Amino acid sequence: MNTSLCEVRNVHHTYGSRTVLDIDSFYIKPGSITGITGPNGCGKSTLLRMLAFLEKPDRGVVLFNGAEHDIRPNPVHREVCLLGQEPYLLKRSVRANVGYGLNVRNTDDIEPRIREALHMVGLDADDFLRRMWHELSGGETQRVALAARLVLRPKLLLLDEPTANLDEKSSTTIRTAVEQIRKTDGTSLVIVSHDLRWLRSICSPLIIMERGEMVETA
Amino acid sequence: MDFLLHGFFQAFHLLWTGDPETYSAIWTTVLVSTMSMAASLLIGIPLGFSLGINDFKGKKILRTLVDTLLSFPTVVIGLLVYAFLSRQGPLGDFGILFTLPGVAVGQTILGLPIIIALTATAVETLDKRLKPTLTTLGATPRQMLFTTILEARHSLMLAAMAAYGRIVSEVGISMMVGGNIKWHTRTITTAIALETGKGEFSVGIALGIVLMVVALGVNMCVSGLRKRAR
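Chains as they are written, first to last, in my numbering: chain Z, 1 to 218; chain B, 219 to 448.
Quick caveat, the hints were computed from the structure, so don't treat them as lab data.
Note that this is a predicted model, so its numbers are computed, not measured.
One or more of the hints may lead you astray.
Claimed, not checked - Mimicking DMTMM-like on lysine to aspartate or glutamate, the simulated pairs with C-alpha atoms at most 20 Å apart in a straight line are: (1) 183/Z / 116/Z; (2) 169/Z / 179/Z; (3) 349/B / 70/Z; (4) 349/B / 86/Z; (5) 56/Z / 70/Z; (6) 349/B / 55/Z; (7) 346/B / 161/Z; (8) 91/Z / 342/B; (9) 56/Z / 79/Z; (10) 155/Z / 22/Z; (11) 275/B / 345/B; (12) 155/Z / 68/Z; (13) 29/Z / 179/Z; (14) 277/B / 342/B; (15) 29/Z / 79/Z; (16) 169/Z / 127/Z; (17) 346/B / 55/Z; (18) 91/Z / 273/B; (19) 56/Z / 7/Z; (20) 56/Z / 239/B; (21) 155/Z / 116/Z; (22) 346/B / 86/Z; (23) 91/Z / 369/B; (24) 346/B / 369/B; (25) 56/Z / 213/Z; (26) 349/B / 79/Z; (27) 56/Z / 22/Z.
The task is simple: from the sequences and hints, build the whole structure.
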């Protein structure tokens, strides 16, 4: 019986003549935190976009819950959520940004969930809720964008360099938030980072990629 | 120079005392420009949005055509609309030649390329991360459309202001299609042309002042929005 939440089979992808992904087989188990690391341009971000159903591979399939999905907006995008390397915030307040995904789902009790998500990423809700997108620093933008994903409690959360703009203390906060969402909501995570020490502290398995291939699993 | 100075004093007198002819032209201008702006926005924003967001064969040709129409002379639009709305024209049965709706049709044609071109540009220049962000946050295509419009709101208002500036200051369409009929289709610009021709500078200057105040207001809004859009 197949128990994987997400599966990548024989995926091959190129940009022009350059092969960016060449993966025979890759599984994500429910409730796991998978770490991916590797040099720049080895295909980590491309893999995340494919797992998020934002990009289709030239060859091969990506399955979520055993089925293929379209890259046009569809219900799978309410279960799989990606935080990109340079997250985009809507030209609105922090409250509107964190609550956006809940609003499009017509969720009740939005306010306490927004506050909880901001608390998880180490931001004081009373201080930040009314702030506009342009009043945030790089690290705060990163954390607000992460809160906007955590608040959705997705089945699969994909994080691309979530600690890139953060200091040591904030990185620890993010690690705690990631562990908490996995524990309380059963969310599976795939985290791409260059910070090997941070990845080791939280991820299992840890995959090393090179030139589009998964060369080592620890 | 005395006649100009006299014109200025007369202008303030006419505006201050509420001269009915002057205010009729102002009211007509407000009414017809509101009609044409509403139509331009309703038709232009969806068309501009489609042009900006979709990639299709012939897009570049269409963009070039729309950009060319930005500088379409108002008298040519007036001539074409007149030809279509006149009794022997294909739309003559509607009987809207020499009426405000007729002028509004012409001014809508004038404003449309501006709204379409600037909306398309606004959508094209939106941050490339917006679409994947909205997708991954679970927005439906309809929710994405509304959010994208909201994200481009400052640029869209800029487009509306630019179109309004062109519509409110045109004279060719109003003169040819409206016929410059006193109390009915006489707008600020056609009244200025007529009164100046008659040597009545004071009314012309009074209306000119109103037009310049409107233009100044529009410009100030545009500058403010430009700053916010950055």
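Note to self: So if I understand the rule, the pair passes when the alpha-carbon distance is 20 Å or less; does residue 346/B with residue 161/Z pass?
What the structure shows: holds, 19 Å
Checklist line | Restraint status (C-alpha distance of residue 277/B to residue 342/B at most 20 Å) | finding: It holds: about 13 Å lies between the C-alpha atoms, which stays within 20 Å.
Notebook entry, point to check: Taking only the CA atoms, is the gap from residue 56/Z to residue 7/Z under or equal to 20 Å?
Noted result: OK: residue 56/Z and residue 7/Z at ~14 Å, within 20 Å.
Checklist line | Restraint status (C-alpha distance of residue 56/Z to residue 22/Z at most 20 Å) | finding: Holds: residue 56/Z and residue 22/Z sit about 13 Å apart, inside 20 Å.
Check: Within a Cα-Cα threshold of 20 Å, do residue 346/B and residue 369/B meet the stated pairing?
Finding: Since the Cα atoms of residue 346/B and residue 369/B sit roughly 12 Å apart, the hinted pair holds (cutoff 20 Å).
Notebook entry, point to check: Holds or violated: residue 349/B with residue 55/Z, Cα cutoff 20 Å?
Noted result: holds, 12 Å
Margin query: So if I understand the rule, the pair passes when the alpha-carbon distance is 20 Å or less; does residue 56/Z with residue 239/B pass?
Written below: It is violated: about 66 Å lies between the C-alpha atoms, which goes past 20 Å.
Note to self: Does residue 70/Z sit within 20 Å of residue 349/B, going by the straight-line distance between their CA atoms?
What the structure shows: holds, 15 Å
Check: Does the structure keep residue 29/Z and residue 79/Z at a Cα separation of 20 Å or less?
Finding: Holds: residue 29/Z and residue 79/Z sit about 15 Å apart, inside 20 Å.
Note to self: Check the hint pairing residue 56/Z with residue 213/Z against an upper bound of 20 Å on the C-alpha distance.
What the structure shows: holds, 17 Å
Note to self: For a C-alpha distance cap of 20 Å, please report whether residue 29/Z and residue 179/Z respect it.
What the structure shows: Answer holds: residue 29/Z to residue 179/Z is near 15 Å, not above 20 Å.
Note to self: Hinted pair, alpha-carbon criterion (20 Å max): residue 155/Z, residue 22/Z. Please report holds or violated.
What the structure shows: Measuring from Cα to Cα gives roughly 25 Å; hence the hint is violated.
The structure shown violates the earlier hints numbered 10, 11, 18 and 20.
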